[in-house]
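Engineer: Quick note: the sequence shown uses our numbering, first residue 1, plus one each step.
These are calculated hints, taken from the structure and not from any lab test.
Subject to a maximum C-alpha distance of 25 Å in a straight line, what follows is the list of computed BS3-like cross-link-like pairs (lysine-lysine): (1) K332 / K424; (2) K327 / K317; (3) K197 / K161; (4) K246 / K234; (5) K332 / K376; (6) K211 / K197; (7) K399 / K424; (8) K327 / K424; (9) K469 / K376; (10) K424 / K376; (11) K376 / K399; (12) K469 / K327; (13) K399 / K327; (14) K234 / K197.
Predicted model, so just to flag it, every value in this text is computed and none were measured.
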Amino acid sequence: MPKKCTMCGNLSNTNAQFCEKCGSSSFVEVYEQSNQTSFEGGQSSNNNSPVNPVAASDNNQKKKSKNKTAIIVGLSVLLVGLVAIIVFLLFSEKENPDTSKNDETTSISTTEAPSENVNGGENNNITGNAPADSTVTMSDDLYDFTFELEGDVYKLPCDYKDFTDNGWTISSSGYSGDTTISGNSSDCYYMSRDGLKVMVFSYNFSGNVKKIKDCKIGGIECYAYEGVDFVIAKGITVESSVDEIKSAFGTPGYSSSGSDYEVLTYYAERDSYQNCVDFYCSDEADYCSIQLKNFVESDDDETTTSTETPDYLGEYKAPTSMGSDIKSSVVKIEGDLYQLPAPVSVFLDNGWEIVQQSGDVVAGGSDYIYVEKNGKEIELYITNYSDYQTTVENCAVYKVDVDNYENVDISIGSASDSVSIGTKKADVVALVGDEFDYYNGTYNQTYSYSEYSSRDFMVSIDVDKESGKVSGISVSCRTWDY
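Please work from the sequences and hints to get the whole structure.
Structural biologist: Right under this line is the structure:
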């Protein structure tokens, strides 16, 4: 029996899997009705033609004898009555056909096959309330970013749920589906299934913090030594040679090589490392790898900036004195004390004005601004610790970097032992001791100290070789701990 395409209405034969006209796989079955005709002006499908009662009566009268007896008359009357009843019933059947029989011969399947989009994209031609089929098929176009992983086909970007529904779980230490990704950022982690492992890249193009499980997966990397069944366009695998890759996809946009390896990069967009395919081909077969990345921005990434002041900024405690030593995150600028990180609003309250900024700051993002006070200008590095995109005024200053040409009064250290712009080299050396690293540059000698175990802290002091005095001070602390 023929099948009707729910997308375009085209009729296909019974064995057709896809519509010859539009390529859809959504059909309804149409039962044969070639022997049935309409009741309006056509021949009936049955041969029970109605009988005219008047004609029947005339025929019976011709057969009667002129010398009919009472019995014959009675039988004739009875016969005419029976014929009349039969004719009535036949006319009733014609006027009111058996609807159950008609329903059976004209019925169609009311369960529609789900609509399939072979390109893996959104299908806008879904009929009625039938759900769209999210099935993805492999493409020979490298930049369709389809791949087959352990028998399942995916298309980047895809949902995190697409992997977990197929049995993959996060195996990287410290990561889970609830791990957050900052605004306009990406992260990578391992996912495992049945002892096999691949690296996955999730991205967040919105301005707010998102959990991994709510982000799109935009990339995957597979190494030969993992033994994973991984195939991309045109059947290329981690075992494919450089010649096979070039034969399949042509000349790469970028390539490099060493004595025992070659790297090929194909860009979907010019020089975009967010939309490309990397092949690492090594003489050591186990280290060959393929990485696909296709980070695509969507309407869900549009973000409205919140002007609400984050609660955490209210936790800040302004210092009342210099720090205990030079490794403290307390800094004095133009006579005012700040403990880094400090709210931008504290600087503004102390008379500094923002004279240059890039714009709003995404959740977890960093930027820099220039502020001015009494004709003096400095650069402040800021970050947004909240989980939503906000204004510069609602961020925190985590780093201050001052050079001597800015003529800004800055001091670090304790009340008795401090370093300022213009401090002599000998005093700096005596103060920093052996705990600071030393770097001898072309124009400056730099003394630096960093601490990342308990806090994200760094201090750096530049001494100008020519003058022998401090020419720059930089203090940074990202850990918000109040």
